[in-house]
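**Student:** All chains should be modelled from the sequences, with the hints used to inform the complete structure.
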Amino acid sequence: MTHTREQILVTLRERILAYATSRIGRDQAEDLTQETLLVLEEKYSHLDAVADLVPLSFQILRFKIADYQRRGVRRGEFHSVSTDGLHIADTSVDAHTLLERKELEDRLRTAMAKLEGRCREIFRLKLEGRSFREIQSELGAESINTVYTWDLRCRKRLLDLMGGSWESRP
Amino acid sequence: MNIPEAEKLLGGYATGTLTEAERATLLEASLRNQALFEALADEEALRELLADPATRRRLAASLAPAPKSLLDRLAATFWRPLPMASAAALAAVAIAVVLVQRPNPPVEMAKAPSPPPAQSQMIRSKEEVPPPPAAEKQQAKSVSHTYGLVLRDAKKPNQPAAEPPPPAFAAPPASPVVVGALAERQDAGKLAVAESLVKEKRAAAAEADEAPRAREEAAVRFQWEIQRQDTAGVFRTVPNTAAFRAGEAVRLAVEARQAGQLVVIEQSGNTSRELFTRQVQPGDHILIPPAGSLLTAAGERELVVQLLDTTDQLRAKANSAFRSQNMPMARNSAEPVAPVRIRLRFVE
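So the protein sequences, as listed, match chains A and B. 1 is the number of the first residue of the first sequence in this note's numbering; add one for each residue after it. 1 is the number of the first residue of the second sequence in this note's numbering; add one for each residue after it.
Hints in this document: simulated from the structure, not taken from any laboratory. A hint or two may mislead.
[Stated by the list, open to error] Facing chain B, a subset of chain A residues (Cβ under 7 Å, in silico): (1) Tyr-44; (2) Leu-47; (3) Val-54; (4) Arg-101; (5) Phe-132; (6) Trp-166.
[Stated by the list, open to error] Listed next, the in silico DMTMM-like pairs over lysine to aspartate or glutamate satisfying Cα-Cα at most 20 Å (straight line): (7) A:Lys-102 with B:Asp-312; (8) A:Lys-64 with B:Glu-48; (9) A:Lys-102 with B:Glu-274.
[Claimed, not checked] Estimated spans, in silico, between C-beta atoms of each pair: (10) B:Glu-20 with A:Glu-14: 44 to 54 Å; (11) A:Ala-18 with B:Asn-2: 15 to 25 Å; (12) A:Ser-165 with B:Gly-16: 16 to 26 Å; (13) A:Ala-49 with B:Arg-57: 23 to 33 Å; (14) A:Glu-116 with B:Asp-52: 22 to 32 Å; (15) A:Asp-67 with B:His-285: 51 to 61 Å; (16) B:Thr-277 with A:Lys-156: 38 to 48 Å.
No residue lacks a Cβ here, since even glycine has one placed at the ideal position from N, Cα and C.
**Tutor:** Listed below in structure tokens is the structure:
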């Protein structure tokens with residue numbers, strides 16, 4: 001199925017809005033969706049494929065939500081003027097981001113250590129960069145669909161071990 | 001591809017396992033299904049993390065199967081049908097050979113009646129069983145190499161098992177009463193050995209439980225030792241529990257096992273002073289103080305040693321930033337690994 005860029009963005013808007021609403025509430029979701037689409041429009045107007053626009057929207061959305069949540073935690077900063085547009089150079093390492101990554105990696109490693117047998121093997125092969133087709137031949141599965149099913153179950157198992165969410169909720 | 005089928009590709013998105021076609025299918029499907037879109041959006045943090053090759057390598061390494069020990073490999077080899085059948089056959093042959101070559105049991109020893117005086121004499125001498133002949137001593141010695149643990153325990157004083165095994169066959173014919181008593185003694189000996197082993201195991205487990213967790217965790221990060229200067233002027237390692245004379249030259253030697261910030265603080269009473277703070281790399285040998293000796297005036301003092309890794313430092317940095325902005329602490333605001341406390345006692 002081929003979509004025009006406009007069709008993709010219209011669908012994306014619906015999806016992003018619903019997602020953002022479920023995460024941060026309707027009021028902020030509207031703004032956040034608008035900001036995400038604005039970035040897609042201003043910076044990535046040359047892209048028109050679903051395979052490019054959707055992952056990009058995930059990235060932008062994640063940054064926007066993380067930014068919103070961090071600002072939301074701070075007292076009194078909800079109504080302060082945003083410094084996003086001031087372009088102040090910040091060459092130092094973002095300790096918070098690094099810490100979040102490190103914590104996620106630690107949680108992931110702990111959860112992965114609890115995986116057993118096939119799941120452990122599948123995740124190891126995936127992390128080594130193997131495709132599902134290669135994993136199929138490595139594990140001697142009859143069909144690629146079998147590997148997809150195994151992987152779906154293993155992903156669910158890993159997600160359960162991580163408490164139902166990849167990111168630890170604030 | 002319908003939605004449930006596309007869902008099966010979810011697991012390959014963050015790990016970058018999907019082919020171009022699979023990826024396109026999944027993303028197309030996500031535009032048609034809100035749940036799939038949300039699952040993918042939630043996966044973004046994971047995808048970002050796994051986009052870092054170093055992280056992938058670390059995680060993959062943590063999933064790699066551990067190298068099997070020699071015992072495991074032997075067991076794996078043994079439990080195959082052919083080796084098992086061979087072992088069973090060998091065992092059967094060995095049993096057959098033993099049964100064929102086995103001498104008649106000394107039944108007369110149990111049957112022979114003995115006069116009452118001799119009986120009472122043997123019973124009296126229960127506590128002083130004669131030592132085994134030289135040949136048996138030699139045999140016991142060779143066995144002790146094989147079963148060192150058991151015999152080492154058996155040699156301990158104050159334990160019934162410490163006595164040499166009763167010379168059941170080498171001894172002159174004894175009465176059934178004596179034979180029974182000796183058998184009881186043997187059983188009691190075995191029981192005592194088993195009890196002592198269990199006690200030792202329990203004591204070791206209790207000791208392990210009591211060992212400070214900080215020490216175990218810190219050992220992964222660094223190793224330390226206390227060194228004292230001998231009369232030749234050379235610093236030599238001393239036991240951690242050693243007491244020192246006031247004025248002796250003493251220093252702390254630390255070997256870093258991982259990168260981080262090494263902090264050493266000396267505490268004496270209510271005062272404390274920082275002796276060392278520096279970034280160290282794995283394999284670094286650090287002497288504290290680099291030259292000379294620690295303060296060795298009479299009294300007790302404590303050295304607090306800690307190696308903060310990057311996570312600890314980042315956490316501290318983030319928490320400090322949060323505090324300054326009156327924000328809650330980082331989610332995982334647990335304290336870093338507890339420091340190692342080394343107590344030094346200097347006497348006059």
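**Student:** Are the hints correct? Go through all of them and say.
**Tutor:** Structure-based check of each hint:
1. Annotation: A:Tyr-44 was flagged as interfacial toward chain B, and the flag is violated, the nearest CB pair being 15 Å apart, outside 7 Å.
2. Proximity of A:Leu-47 to chain B is violated relative to the hint, the smallest CB-CB distance being about 13 Å (cut-off 7 Å).
3. This hint holds: A:Val-54 has a C-beta 4 Å from the nearest C-beta of chain B, less than the 7 Å allowed.
4. Proximity of A:Arg-101 to chain B holds as hinted, the smallest CB-CB distance being about 6 Å (cut-off 7 Å).
5. Residue-level restraint check for A:Phe-132 holds (minimum Cβ-Cβ distance to chain B is 6 Å; threshold 7 Å).
6. Nearest Cβ of chain B to the Cβ of A:Trp-166: about 5 Å, under the 7 Å cut. The hint holds.
7. Restraint check for A:Lys-102 and B:Asp-312: the C-alpha separation of about 11 Å stays at or below 20 Å, so the hint holds.
8. As the CA atoms of A:Lys-64 and B:Glu-48 are separated by approximately 15 Å, the hinted pair is consistent with the 20 Å bound.
9. Straight-line distance between C-alpha atoms of A:Lys-102 and B:Glu-274 comes to about 29 Å, which puts the hinted pair past the 20 Å bound.
10. At roughly 26 Å, the beta-carbon separation of B:Glu-20 and A:Glu-14 lies outside the given 44 to 54 Å, and the hint is violated.
11. For A:Ala-18 and B:Asn-2, the Cβ-Cβ distance of about 21 Å falls inside the hinted range of 15 to 25 Å, so the restraint holds.
12. Between A:Ser-165 and B:Gly-16, the C-beta spacing of about 21 Å keeps the proposed range 16 to 26 Å intact.
13. A:Ala-49 and B:Arg-57 have their C-beta atoms about 31 Å apart, which keeps the hinted 23 to 33 Å range intact.
14. A hinted range of 22 to 32 Å holds for the C-beta pair A:Glu-116 and B:Asp-52, which are about 26 Å apart.
15. Roughly 45 Å separates the CB atoms of A:Asp-67 and B:His-285, a value that falls outside the hinted 51 to 61 Å.
16. Distance hint for B:Thr-277 and A:Lys-156: a CB-CB separation of about 47 Å, consistent with the stated range 38 to 48 Å.
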